[in-house]
Structures are given as structure tokens and as C-alpha cells.
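Line by line, the protein sequences are chains A and B. For the first sequence, the working numbering begins at 77 and goes up steadily by one. For the second sequence, the working numbering begins at 77 and goes up steadily by one.
These are calculated hints, taken from the structure and not from any lab test. It cannot be assumed that every hint is accurate.
Just so you know, same-sequence chains aren't split out, so a pair can sit in one copy or run between any two.
[Stated by the list, open to error] Only pairs whose alpha carbons sit at most 20 Å apart, straight line, appear in this in silico EDC-like list of lysine to aspartate or glutamate:
{"id": "1", "residue 1": "K422", "residue 2": "D508"}
{"id": "2", "residue 1": "K422", "residue 2": "D334"}
{"id": "3", "residue 1": "K399", "residue 2": "E424"}
{"id": "4", "residue 1": "K271", "residue 2": "E356"}
{"id": "5", "residue 1": "K475", "residue 2": "E369"}
{"id": "6", "residue 1": "K422", "residue 2": "D83"}
{"id": "7", "residue 1": "K194", "residue 2": "D296"}
{"id": "8", "residue 1": "K399", "residue 2": "E442"}
{"id": "9", "residue 1": "K399", "residue 2": "E349"}
{"id": "10", "residue 1": "K475", "residue 2": "D272"}
{"id": "11", "residue 1": "K399", "residue 2": "D113"}
{"id": "12", "residue 1": "K130", "residue 2": "D508"}
{"id": "13", "residue 1": "K194", "residue 2": "E100"}
{"id": "14", "residue 1": "K422", "residue 2": "E153"}
{"id": "15", "residue 1": "K271", "residue 2": "E187"}
{"id": "16", "residue 1": "K399", "residue 2": "D95"}
{"id": "17", "residue 1": "K399", "residue 2": "D520"}
{"id": "18", "residue 1": "K422", "residue 2": "E538"}
In case you want the letters, here they are:
2 protein chains.
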Amino acid sequence: MSSSIPDSAVRTYIDHHRDGFLAELSEWLRIPSVSADPDRAPDVRRSAEWLAAKLTATGFPVAEVWETPGAPAVYAEWPSGDPDAPTVLVYGHHDVQPAAREDGWRTDPFEPEVVDGKLYARGAADDKGQVFFHTLGVRAHLAATGRTAPAVNLKLLIEGEEESGSPHFPDLIQRHAARLACDAVIVSDTGMWSKDVPTVCTGMRGLTDCQVDLYGPDQDIHSGSFGGAVPNPATEAARLVAALHDEDRRVTVPGFYDGVVPLTDEERELFAELPFDEAEWLRTAHSHATLGEAGHTTLERLWARPTAEVNGIGGGYQGPGGKTIVPSSARLKLSFRLVAGQDAGKVEQSFRDWVAARLPEGIRHEITFWGATRPCLTPLGHPALQSVVRAMGRAFGGKIRFTREGGSGPAADLQDVLGVPVLFLGISIPSDGWHAPNEKVELDLLMKGVETAAYLWGDLAENWRTA
Amino acid sequence: MSSSIPDSAVRTYIDHHRDGFLAELSEWLRIPSVSADPDRAPDVRRSAEWLAAKLTATGFPVAEVWETPGAPAVYAEWPSGDPDAPTVLVYGHHDVQPAAREDGWRTDPFEPEVVDGKLYARGAADDKGQVFFHTLGVRAHLAATGRTAPAVNLKLLIEGEEESGSPHFPDLIQRHAARLACDAVIVSDTGMWSKDVPTVCTGMRGLTDCQVDLYGPDQDIHSGSFGGAVPNPATEAARLVAALHDEDRRVTVPGFYDGVVPLTDEERELFAELPFDEAEWLRTAHSHATLGEAGHTTLERLWARPTAEVNGIGGGYQGPGGKTIVPSSARLKLSFRLVAGQDAGKVEQSFRDWVAARLPEGIRHEITFWGATRPCLTPLGHPALQSVVRAMGRAFGGKIRFTREGGSGPAADLQDVLGVPVLFLGISIPSDGWHAPNEKVELDLLMKGVETAAYLWGDLAENWRTA
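Please work from the sequences and hints to get the whole structure.
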């Protein structure tokens, strides 16, 4: 199954172009493309234009800036020329999280600096570094194979609002669905287990979240004059939250687990192979104990089990000291993480029915769902996943293990709209500090990303017949 | 048992002095003695000085302004001269709630106006009107009996910070305990059932309230990356609240009901005699249904049963839209209304133990109690209570029924520090609008208050041997 492209040719090419590649990436990282900051909108646009020009220079015959009502995305394509070749769409984003020196950065977040083999800058790992390794990757692929076009039909979609919640992304991909048509999506916006344990992510959880407003008395009322004889919306909000889970911390909403794809024994074993250190994980979680659904390990809870989480709760008096009232209203912010097989619409309806049946007379309620993100899961046996694993194995020189992500992302929109599997190719590691001060990418891992991308297109074309 | 003072003499005296009495009360009501407003501190002082001067003019040989670290109180005494006479301390307050025309007042809140037999002004009912009826009351008592001093040793303590939570009151009465020594306290700061159903209040609930802080992760963490695998302090706060009550809405904290004086059949019958209209009461409560401890009526729940109430709950994200976090902390404001027989200290300790035993590993907590107010309850057979009932019966000309108050007040401090029973003599009615715009007192009821006070001292001296 090993590809016919000689690894040494790829490595030689990459080594030769490494300095120029890093210089260009640094140029891009200097553009503060913070999508959440309206003052940075011109920078986000400059970032898109910079990338489109760079993709043209890389050789993509098509490289366009795509407008949205918000920040622009970048689209590029490079047809293979081979009518039987699979079509792959790489997804990433060119916008970054806010960053300021005073947040605790030891260097200017928008002046990249290499220290000890690590490139420090906002966006180094999330996500400019991981987008950019595809430019040198495809050049290395061509150089090593002598091709003038990639072995697959290569498309790139690099959005500009991921760090702002991708508000226009679903609409963007719906409008351009015909041009985005592909056989698989490769998301380069995730990470690996660790530097020494290279992994491929095989799925993300979905998400649906909502606000529940509970209304009791028409105004705050005196807890002495009326307390103990009328329903209290803060109490009822708390009773809803408490009833969401049973003593085994399983979600009690009827039908919540309907359709959940159970972990196979193989998957549980693969999770268990990972060198999970609970004490270290708790430090990452800033938490002091684990707690979750009975019968599952922490990794299973995070990656393969759906949850109901309280993101916020509020009602009545929250200032200093006491105030003896029965509050007139209370509010819950709840999010449900979903896993493959669950239907967000059914979960939402079950939750609505469950709430309506639980509240006492005298408590009026409203539930607002903000919109759902679907879960995605790549079957372990999928040929494109096997190509990713082989390409990484050649680049990293060891066994590639499997992880999932507990979070949710716009990748699921691509899966839904385009109707194709989503795969993940990321080389970032937990210590890279996404969204935190002193974000960095490790240069040797970044170059492994380039190398993986260089092997991947040939392997895919060779081993995956999509017709 | 009817007193030897002729009722007609009392009524004639009151009718003759009614206009002057109302003019003086109006003068007092024009002083905006809002204790919560630092800018009004000079007005609160002016109110105290005005009252002390007026009590001197009434005939009290002692009338003093008592300083506190906050607003001043007024103390007056008028010895009976009879060594066997009981000593009675009247409690009220001369400060008022804030009020402004733009809150919905149809008249200037500090420019009293009589419309349709009702005197509109801030403090008309709460509490200047009810304090002031004692001035004309004692004059009528003397005039009708031909005495030069009251039949009881009469003391008045009129505080200046009741509407600000009486922060210095316990200290004040402790410092002056010797001078305040008495056989009973008469609180004139409550109300009656209605204009047509005159009542005596026989007790108030006590109160202890606290804040519970729960701490989970050291910072808000991502609900996708970590949710479902670590304890969530908002969830745990809600589970505490939900566990506070069982399905019968009884408080579940072990020992909470220890010592609770149960309602006798007679008391339940007396409560049931009151013309309680649930629909009307719900309008007063701004609520849309009743809910409370199983096996008790609404009045029993309010007056004779202890409660655990959520005054506030907060944790995590409460802004617009969603934010997918596991919050790092959550907070509860809880108040416990207590009834006779309960010990606030034991309730607090039981609650602390109960919380500590219920929280999972990884959730740290702190509980802060703000200090307790004891419940008070006058036994129905107490001779001083019977005197109050007889005096009211003569003034109102009908059967006097019994109520209690669900709220808590500084009266309990007097009971505790002075070690004597507390009785209630109030003529305000629910529609008087305490703390609300367009507060008023009904003039015919106010004059019944004067008349009751005129009968009371003679009846007490005649029928209550305290030695």
C-alpha cells in the first residue's frame, strides 16, 4: 500500500524550500486578521487577498476572494486533469482570535518570532500555519512526482469568520455548493494528541444550544409576604437543571440517546491505547476532579457521548449581601453536545416537551434554540481515512492513532451541504495555546504537516476509487 | 371585662382634636425622611427632632433623640406613677421608603393630600401614621380617665433605619436595654386583614439568609473540549436548590423542622375563618398560581410554616445568545423563613452539613450567612393580647380576628434582647401601598387606631398583673 512517490524526494524538496515557506507564513501572520474586531475588517480582507495571491503563485489556476455579508473567504482549485481522480476540498480559516501584548504575550502577537524551534504568533497554529502547509505540500507533491497538476482535483476553502462563529458560512457554501462539489473534505484546523503521539481525528461532536426563560410573579415579590406559597422561577429553573441528569449523570430527557452510534470494542480499545494522564488532563481543564456519565472513561465522555451542559444560569438578586425576594424570572443557557446518529431537531423537540411537562402551574416559559451544528464521524474503515493515516505514518515515521474532538465546528456544515465525509488533518498539539497568549506552532511538526500533505494526494488518487 | 373608661368620652375627645392631629401628622409627613438616601440624612434627623419635640408637647416627660452610627432614633417615656402598673414599649419607625413623583405618584409624595377620606403621602401608613396615632391616643386616654399620667408605664422607641434594614438597631437596644426594660412590646408597624375585617397580628416569621458560592474549574472552560467530563458548578448549584425540597415541597435539610411549633386546631380554624380569596391574593402576589408545602393552606404556608427560598441564582454566561462554556463558579442567595420553635443557628449548621455532604469532588464551596432574625409568636391566651383584642373590639365595634405576618422584622430583636413578648397593633390595610407609589392611610381607620390606643392602656393596667 505504500505509495510510489519516493519519500526522500519529498523531504529534499521541503528542506530546500523551508526558509522561504516560513518567511511567507510569517508575512501572513503579520496581518492581524481578527474577525471579531470591526476595526480589523480591512486586515481580514488584506489577509484574504494575500492568501489568494499566494495560492495563485503556488500554481492554483483558480484563486478567488469570495464575499460574504461579513469577512471574505478564499477559494482556490487545481484540477488534476485525470477524469477518474477523486476531488478533495481542504477547509481552514484565515481569521484569528484577538491578541494583545498585555494579555500575557512575551512577544508581539503579530510579529512572528522563532524561539527554540517554535514559531510564536497569533494564528501560528490556529489556523494560518495549518492552512499554509498545504501550499508547500502540493508543490512538494508535484516536484517529487514530476506532475504539473495534483493527483487529485484539489480545492481549498479558507473562511474568514471562523473565530466569530462562522455566521455566514452555511449560506456561503450553499450558494457555492456546485463549485465546492467534492468526494471528501479535509479539515486542517485541529490537532494531534501530542508531539510524540501523532493522531488523526475521526469526528467532532455536534451542538445545539438554547436559552430557557422562566417567568413567575410579574415582578419580584417579598419572600416574607409571599414566599413558600407561590412558585419561584429560580427554583423551577434549578429543578429543570437537576432533573436533566440522573444519579449516573445520564441525560434523562426521553429519546435523548435515540440513534446514538455506540462505540465499538475496537474504538474503545483505540481510545484506551492513548497515553491519557488524568492529572495532566485535569490541569488542562483547569478542573479538580472528573465527573460524567457512568460506565465511560473521560475520553469516551468527551468524544463519543452526548451531553447536556449548563453554560449559564441566572435569576433574582445577584448583588452583594442578601435581598429577600421571590424573583420574577430566571434564565438558563444550555448546550447539548451531540454525537453521530443523533438528530438535533428531535433532541430539541424532546427537550421542549420535557420542559413543558415538568413546570408547575404559574410558571410560564419560553425556549429559544440558536441553531444546531451536526456531529461528524469518519468510519475507521473509510479509504480516504486510511490514506490520511498512511500519509501521516510516512511523515511521522510511527504508528498513527485515532482521536476525536469533543467540540463542534463548521466542518459539519460542509458534510451536510456537500453530502460527503469530513476528514481531519492537523498537526497542532495541546500546548500550542489556541485562543491563548503565546500561541505557537512547533516547526518540526509544521514541516511534518507539509510532508503529510505531499504524500496524501498521491495516496488518495492511487487507493480511493470514488466513481 | 369591659373597661370602666366611657367610650363616648374617648370618641368626643378624639373628634374634637382630629383636625389638629391630622395637621400635625401632615407636617411630619412633609419631612422626606428617606433613610436609604444619604442626601436625605438631614431630613431623617429633622424627622427625629420633630417627633421628639412633639412627644414632649404631648406630655411625655422624657423625649430624647438617640444617636446611632447611622440615622437617629427617638425614645420617650411617661411613667404611670403606679408601682404595680405594667410597662409597655411601643415600637415604630420614623424613616420612610424612597418616593418620587415619576414612580407613578398622582400627588407629591411629600405633600400630603386627603382625597375621599384617604391621606396620601409617603409614610402615611408605613409608619408615621401608625406611630402618630399613639400621641392622640394617650391624650384621649388621659382626658377620658381624668388621669395625669398613663395607666401603664409607657415607653416609645421609634427607629430611623427600619427601611434600610435596621443595621444599628440590635446594637442600639442592647446599649439601652436597661432603659427599654418592659413587660411587653407593642409594635405599630403592621396591618390588618382588611377594612371590614379588623385583625390582630400574633406573630412574624424569622429569617436567616445566606450566599452559597460554588467553585469548579479555575476559569470558564470550553464545553466542547471538557463538557461532560468535569463537574459544573452551575449544575451543582441547581442540584442543591432542587434537592432543598421534596415532591411535597417540604424542606429536606435534616432537622430543619426540629422544634417547629405546630398549628393547633384552634389556630387553623381561626385562619380558616378569614375571608381568604385566592384569586385576589394572587393578584396581590403578582403571581399566577399557588404552590407550597403539601397539607397546608396558603395562609398556613405564609404564616406558620418555615420555608427555603431562592432569592437569586447566578453562574456562567448570562448575556445575549449562547456561549458554550462550563462556568468556573455559581452562586446562590437563599433565605430561610423560620417559625416559632426553630433555632436559626441549628438551621444554619444543618444546612452547612447538608451542602457539604452533597457536592461532588472537584466543587469547592463557601457559605456566608448574613445574620438571623428570630421568629416571634404571641400565645393566643396571653393577657396582653386579650387587652389588645378588647381595645380594638371597642374601637372597631366588631369581632377581632387573628392573623400573622409572613415577613420578619426588628420586633424580634426587641423580643430577644428585652426577653418579653411582642404584640402587634396596626391599622393599615393591604391596599395602603407600602413601599409603592400612592401610599395612603384611610382616615377612619387611622382614627380607630387612635381610639384603640386610648382604650388599651387602661385595659392593660386593669387586666394584666405582671408582678
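Going down the list of hints, with the structure as the test:
Within a single copy, K422 and D508 get their C-alpha atoms no closer than 37 Å, and across copies no closer than 52 Å, so neither meets the 20 Å cut-off. Taking identical chains as interchangeable, the C-alpha atoms of K422 and D334 lie at most 20 Å apart only when both belong to the same chain, with a minimum of 9 Å there against 47 Å between chains. Taking the shortest alpha-carbon separations for K399 and E424, only the inter-copy value of 18 Å comes in at or below 20 Å, while the best intra-copy value is 35 Å. In this assembly of identical chains, the alpha carbons of K271 and E356 lie at most 20 Å apart only when taken from the same copy (15 Å versus 70 Å across copies).
For the identical chains of this complex, K475 and E369 are neighbours neither inside a copy (30 Å) nor across copies (63 Å), given an alpha-carbon limit of 20 Å. When the C-alpha separation of K422 and D83 is checked against a cutoff of 20 Å, the pair qualifies neither within a copy, at 49 Å, nor between copies, at 76 Å. Proximity of K194 and D296 under a CA criterion of 20 Å is satisfied in neither setting, with 56 Å inside one chain copy and 27 Å between copies. Taking the closest pair of Cα atoms, K399 and E442 come within 20 Å of each other only across two copies (18 Å); inside a single copy the shortest separation is 26 Å, beyond that limit.
Proximity of K399 and E349 under a CA criterion of 20 Å is satisfied in neither setting, with 53 Å inside one chain copy and 33 Å between copies. In this assembly of identical chains, the alpha carbons of K475 and D272 lie at most 20 Å apart only when taken from the same copy (10 Å versus 89 Å across copies). Taking the shortest Cα distances, K399 and D113 sit within 20 Å of each other only across copies (18 Å), while inside one copy they are farther apart (39 Å). With identical chains, the CA atoms of K130 and D508 are never at most 20 Å apart, being 25 Å at best within one copy and 77 Å at best between copies.
Taking CA atoms no more than 20 Å apart as the test, K194 paired with E100 passes inside one copy only; the shortest distance there is 16 Å, against 84 Å between copies. Taking the closest pair of Cα atoms, K422 and E153 never come within 20 Å of each other, the shortest separation being 38 Å inside a single copy and 74 Å across copies. For the identical chains of this complex, K271 and E187 are neighbours neither inside a copy (25 Å) nor across copies (79 Å), given an alpha-carbon limit of 20 Å. Within a single copy, K399 and D95 get their C-alpha atoms no closer than 64 Å, and across copies no closer than 40 Å, so neither meets the 20 Å cut-off.
Within a single copy, K399 and D520 get their C-alpha atoms no closer than 59 Å, and across copies no closer than 35 Å, so neither meets the 20 Å cut-off. In this homomeric assembly, K422 and E538 never come within 20 Å of each other (Cα to Cα): the closest approach is 41 Å inside a single copy and 77 Å across copies.
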